Structure formats: C-alpha cells, structure tokens
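In case you want the letters, here they are:
Number of protein chains: 2
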Amino acid sequence: MPRYKAVISYDGTNYAGFQVQNNAHTIQEAIEKTLKRLNGGKPITIHPSGRTDSGVHAKGQVIHFDYPHKREAEKFRFALDTQTPDDICFLSVEEVEETFHARYLAKEKIYHYHLDIGHTRDPFKRLYSAHYRYDLDLGIMRQAAKDIEGEHDFSVFCATGSSVEDKTRNVYEVIIEEVSETELRFIFRGNGFLYKMVRMLVGTLLKIGNGQLPVDAIKIALENQDKKMTGPTAHPEGLFLMNVSYD
Amino acid sequence: MPRYKAVISYDGTNYAGFQVQNNAHTIQEAIEKTLKRLNGGKPITIHPSGRTDSGVHAKGQVIHFDYPHKREAEKFRFALDTQTPDDICFLSVEEVEETFHARYLAKEKIYHYHLDIGHTRDPFKRLYSAHYRYDLDLGIMRQAAKDIEGEHDFSVFCATGSSVEDKTRNVYEVIIEEVSETELRFIFRGNGFLYKMVRMLVGTLLKIGNGQLPVDAIKIALENQDKKMTGPTAHPEGLFLMNVSYD
Numbered sequence: 001m002p003r004y005k006a007v008i009s010y011d012g013t014n015y016a017g018f019q020v021q022n023n024a025h026t027i028q029e030a031i032e033k034t035l036k037r038l039n040g041g042k043p044i045t046i047h048p049s050g051r052t053d054s055g056v057h058a059k060g061q062v063i064h065f066d067y068p069h070k071r072e073a074e075k076f077r078f079a080l081d082t083q084t085p086d087d088i089c090f091l092s093v094e095e096v097e098e099t100f101h102a103r104y105l106a107k108e109k110i111y112h113y114h115l116d117i118g119h120t121r122d123p124f125k126r127l128y129s130a131h132y133r134y135d136l137d138l139g140i141m142r143q144a145a146k147d148i149e150g151e152h153d154f155s156v157f158c159a160t161g162s163s164v165e166d167k168t169r170n171v172y173e174v175i176i177e178e179v180s181e182t183e184l185r186f187i188f189r190g191n192g193f194l195y196k197m198v199r200m201l202v203g204t205l206l207k208i209g210n211g212q213l214p215v216d217a218i219k220i221a222l223e224n225q226d227k228k229m230t231g232p233t234a235h236p237e238g239l240f241l242m243n244v245s246y247d
Numbered sequence: 001m002p003r004y005k006a007v008i009s010y011d012g013t014n015y016a017g018f019q020v021q022n023n024a025h026t027i028q029e030a031i032e033k034t035l036k037r038l039n040g041g042k043p044i045t046i047h048p049s050g051r052t053d054s055g056v057h058a059k060g061q062v063i064h065f066d067y068p069h070k071r072e073a074e075k076f077r078f079a080l081d082t083q084t085p086d087d088i089c090f091l092s093v094e095e096v097e098e099t100f101h102a103r104y105l106a107k108e109k110i111y112h113y114h115l116d117i118g119h120t121r122d123p124f125k126r127l128y129s130a131h132y133r134y135d136l137d138l139g140i141m142r143q144a145a146k147d148i149e150g151e152h153d154f155s156v157f158c159a160t161g162s163s164v165e166d167k168t169r170n171v172y173e174v175i176i177e178e179v180s181e182t183e184l185r186f187i188f189r190g191n192g193f194l195y196k197m198v199r200m201l202v203g204t205l206l207k208i209g210n211g212q213l214p215v216d217a218i219k220i221a222l223e224n225q226d227k228k229m230t231g232p233t234a235h236p237e238g239l240f241l242m243n244v245s246y247d
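Residue numbers (the UniProt record's numbering), protein chains in the order written: chain A, 1 to 247; chain B, 1 to 247.
Since the hints were made in silico from the structure, they are not lab data. The structure displayed is predicted, hence computed values, not measured ones. Honestly, I wouldn't trust all of these hints.
[As the list claims (entries may be wrong)] No farther apart than 30 Å at their CA atoms in a straight line, the calculated lysine-lysine pairs in the BS3-like style are these: (1) B:Lys36 with A:Lys125; (2) A:Lys227 with A:Lys146; (3) B:Lys125 with A:Lys59; (4) A:Lys125 with B:Lys5; (5) A:Lys125 with B:Lys33; (6) B:Lys36 with B:Lys70; (7) A:Lys33 with A:Lys75; (8) B:Lys207 with A:Lys5; (9) A:Lys167 with A:Lys107; (10) B:Lys207 with A:Lys75; (11) A:Lys5 with A:Lys36; (12) A:Lys75 with B:Lys125.
The shape of chain A in the complex, shown without the other chains (with noise of 0.2 Å):
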C-alpha cells in the first residue's frame, strides 16, 4: 500500500491537541475523517513526528499514512488542504518508501516559544503568545540557556505521563531573540523532546531571568533531578512546533 509524507501547519488554539482522544476535538481526528471521506468511508491511521498538547501550534508537524490509492501529490495535497477545517493546512504531500516513518526516523526538530512582554496584553497575540509582564535580564537567561545545550538526562524537565523510557536528550542549540520591544522568540533545537520539556524550560528560564532562581538553576536541576530548581510550565499558547528533518 503506498505510504505519503505530509507536512502540515495548525492553529491549537480549537482543539485538545494532536492525539485523538474520547469526548474532544483533536487535529487527528479531523484529519482522519477528511481522509475517511475520500477513501470511500474506509478508516485511514495517521502519525505524527510526535504529539502536541492541547493549543500548542505547528508549522512543519510531518505525518505519515498508509493510502490504498496512488494520488498524484498535488492534487491529493489540495484536495486534503481544502477539505480539512480552516485551522489545519497541508503544506505538502508526498509518497515515500513504506520504511519511512515520521516519529522514529526523525533526526532533529526545531521548536519556537513565543512570549509577549508588552506592557499591556495585545489581543491580536492572545493566541499565539504567552504573556509575562515581569522583569526579564536577557543577558541572565542566555548564560542559563547555555546550560541546556548538549546531551542530558532531562527526566527532570518532563511532565509525569510520559511513558518514554529513555529520557536522554540532545539539545543542539537554545536561542532567546528579541523579536521586537514587544515581544521574545526563544528556539529549541534538538534531536527530540520529551513531554513539556520545552514549555518547563522556558518556564525555568523566566523565573531565572526575574531573579527567582539562580543562573545555574538549569544546571543543578540536570545535575541533581532537582525539581526545586525548575519553574512552571509556561502557557501552551506560545508554542510552534516549526519543522522535522530526516535523512
């Protein structure tokens, strides 16, 4: 049976996340169904590079599925953009090897936070960015980034429901940008990561740069497991999952 790749862009905001779940809206779901719909009623299983939770955002999630058809890709592109709601947009579809595999054969991803640091909350990113209205030393919480580069256990930045068994990570680079005077875009990239990891590390970060916890924070929570040393899961609205690579 061929097997497609897609990459995909979604608004978290209406739906309790990726997976699909009883009783809620889930990006799966609608998905699913629109696929259902042009296979001729009969069920289609998707997957994901991974999950995300309840309004956290994608840009460049990627997904595979098995399809019993062969669909010339742009036409099947549009056809699954177009019939998906208005939140979901397929980016790209392509067929692939039946070895590929869009969680265990991903090599990297890159995810951004957004956080609004206006002085007054602007409604237009209410969606799309946390807000802090504290005092934040850039210069503190960069040297604290700094910590979370390399590979750790980071068991300790993992929110408990997680069933991975293996909570070594390699995080390649971690960058805080001032965006504008309103607004900060930290960027996570690594081999992958666990649940929450990134919303608990920015959150870490922020009680870091608000002088509530110390610079090396990051650091001796990794070292220790010490969740005294970390801070609050940030808000899932500030999160974009930006892009998957593979070989």
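Assemble chain B onto chain A, guided by the hints.
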C-alpha cells in the same frame, strides 16, 4: 461630570460588531458591562468614533464616555484593560474637555485591509486577513486606486442600511503594499468612510486586478453612480481600524 477619551484595540472575531444589539455579544456591551461594574452598578454609555462591523478588528479605535468620578488615568486604564475580556485592550485613557466627541470631532481615519495571497491559506492569518487565490495585477490596481483619492460622492460604495445623508467623503490616500510574497496590505486614509465603504472598495480593486472589471471602473462608478462597475464587499476579517485623529 468628567469626560474620558480612550484608545482601544480589539480582535473582532468573537463579536457581532461594535454596537449593542439584542441576542449578540458586541464590543460596546463588553465595555459598558465593565464600566457599570466599576461604577457601582450604574450604567455608563460609550460613544465610538464610528461602529465597526461583525468580525472587523481595531488597533486604534477611539471612544469617549462620561464617568461620575475623577480617576487617575493610568489606574483607570489598567482597571479597564484587565477587567474587559482578553480580546479587548485599553491602550490609553485620558480625561478630556466636556466638548470632546469621538465621532463628531474625528478629523482623519486610517484603515488597513490585509489580504493573504499565498497558494495555501495560512491558518495563523485566517482570522486576520481575507484569502484571495487568483491572479492580481498590482500595477493596474495601483492605477485604479488613484481614482479613489480626492473628494467624491461615495454613495455607490455605501451599503444599504446607512442613515447618513451626506455621502461625500475626502479620501486622502490609498496605498497598496506588498508586505511579503504572500501578503498585501491596503491602506486607506481619509476624513471619514461610509458603511462598508472600505470593504466595497477592496472588493472592487480585486475585481479590477483580476481583469473582471476595467481599470477605470472606480472612476466610472463614482461619476455615474454605476453599481455594475463595483465588486463584492470584501470579507470583514481582513479589516482593521488603525487610527483616528483629532485636532
């Protein structure tokens, strides 16, 4: 009684426009509800520079209202900003003379209209721009836009349902900007605009740019009040009231 002027910004997505009406949430209702609560349960009426329609946004709407108590401006702004819903923001509040009037004294208004011209619709722009997927000749549109500028009777670009008698307006400037490869921004600056006038002008410019109306359609429409030379009313979600000026 002290009179206050406020500059507000709002995401119109979840409102049935500015003006209070039965059985629908409006911007006016949300703000007046907050003012009533701050005023110990006694109602306060607000007056905008002009109404905005269902789904239309504002980044610089101006309102005025009379409030029986003297309030320190920044504290009053903060109270209104935090107690109104998240999609309404108070950018500034100041006490003004009793003769100030947000509508009668407005000298100039600026509207922006955002158009998403990407091949695939961007989920993150869907609430804040209209999507147009057909060819557009920008050169021809810019030439046609010149015919809007100046003092004209704009009756043919006014939707039915308006109670305004004098339909002469002076449009100082119409600019069409390429914000990026996938986004256009139309800027309208004038002494005032009729009911749905900006959206009807955008709809007409799009029809001209797509070759469905001649380049001089607006000129003919204005000279002969000829409805056949106008396009449809463009969707509300692309429209932003950006600024209102006073002497």
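Need the status of pair lysine 207 (chain B), lysine 75 (chain A): alpha-carbon distance at most 30 Å? holds, 27 Å
CA of lysine 75 (chain A) to CA of lysine 125 (chain B), is that 30 Å or under? holds, 23 Å
Would you mind confirming whether the straight-line C-alpha gap from lysine 36 (chain B) to lysine 125 (chain A) stays at or under 30 Å? holds, 28 Å
Are the Cα atoms of lysine 227 (chain A) and lysine 146 (chain A) separated by 30 Å or less? Holds, at about 19 Å.
Check the hint pairing lysine 125 (chain A) with lysine 33 (chain B) against an upper bound of 30 Å on the C-alpha distance. holds, 24 Å
Hinted pair, alpha-carbon criterion (30 Å max): lysine 207 (chain B), lysine 5 (chain A). Please report holds or violated. Outside the cut-off at roughly 37 Å; violated.
Straight-line alpha-carbon gap lysine 125 (chain B) to lysine 59 (chain A), limit 30 Å: With Cα atoms ~12 Å apart, lysine 125 (chain B) and lysine 59 (chain A) stay inside 30 Å; holds.
30 Å Cα cutoff - pair lysine 125 (chain A), lysine 5 (chain B): holds, 25 Å
Regarding the pair lysine 5 (chain A) and lysine 36 (chain A), is the alpha-carbon distance no greater than 30 Å? Judged against 30 Å, a Cα distance of about 17 Å means the pair holds.
Regarding the pair lysine 33 (chain A) and lysine 75 (chain A), is the alpha-carbon distance no greater than 30 Å? holds, 18 Å
When you check the alpha-carbon spacing of lysine 36 (chain B) and lysine 70 (chain B), does it fall within 30 Å? At roughly 15 Å apart (the allowed maximum being 30 Å), lysine 70 (chain B) and lysine 36 (chain B) satisfy the hint.
Sort out whether lysine 107 (chain A) lies within 30 Å of lysine 167 (chain A), counting only the CA atoms. Answer holds: lysine 167 (chain A) to lysine 107 (chain A) is near 16 Å, not above 30 Å.
Of the hints listed earlier, the one the structure fails to meet is number 8.
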